[in-house]
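Peer 1: Residue numbers (UniProt numbering), protein chains in the order written: chain A, 1 to 123; chain B, 1 to 123.
Each hint can be trusted.
Chain copies aren't distinguished; within one or between two, either way the pair holds.
In silico SDA-like cross-links for lysine to any residue, where the CA-CA straight-line distance does not exceed 20 Å:
no. : residue 1 : residue 2
1   : Lys-51    : Gln-87
2   : Lys-8     : Gln-41
3   : Lys-8     : Gln-40
4   : Lys-96    : Gln-59
Derived by calculation from the structure, the hints in this document are not laboratory data. For clarity, every value in this text was computed on a predicted model and none was experimentally measured.
There are 2 protein chains.
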Amino acid sequence: MDPNALSKAFVEHYYTTFDTNRPNLAALYQDGSMLTFEGQQIMGSQNIVTKLTSLPFQQCHHSITTVDCQPSGANGGMLVFVSGNLQLAGEQHALKFSQMFHLIPTPQGSYYVWNDIFRLNYA
Amino acid sequence: MDPNALSKAFVEHYYTTFDTNRPNLAALYQDGSMLTFEGQQIMGSQNIVTKLTSLPFQQCHHSITTVDCQPSGANGGMLVFVSGNLQLAGEQHALKFSQMFHLIPTPQGSYYVWNDIFRLNYA
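Model the full structure from these sequences, guided by the hints.
Peer 2: This is the structure:
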């Protein structure tokens, strides 16, 4: 699978899971995984999912605007850079966001998220 | 130097160089370095600087809003995620941008840019 197709497939899977079954995101992280969410640093799959499931909104929908990717040079890793819109239920305007993921291949031929940095882009 | 201080120092150095002496950015990249600029993929220090110096504006000023960093797991590498505003000379409104760098340490104790992904955040 070429890197662009792979990163787009990952991004689609990630945000669909986020929008429909947030606790299942746990499967995409490992114990050493890092999330920086609006400047807050969190480590480990369980802590990350606790953070993501405790955000102050239940229903949301991510729309992706751009996906860029590059090989990271780390054990077949891949950097994925996303920009998009986050629509919260009941809110009139979508929020713009940027997010980057560092994906590392697993022995099973899949990928997990080693690094994750998320920022809203305030207008 | 702690990672946050180091990444802030790098970011300040990078954008000051960009805004005052763009050709000098060549020293921050190497032959295998990658830049994805608004979706365009460019490889190698010389090609990257040719791209950056041929952008259709001469004077600009970057203002940094946020800097986040995480260790990348690649040979002491560091991921740096930046959001900010780009003011072009003669333009009334600044452009919002997001950019990520993957920095790799050199044997001399400095860092170079292995990965660089840049996107404007259109309002």
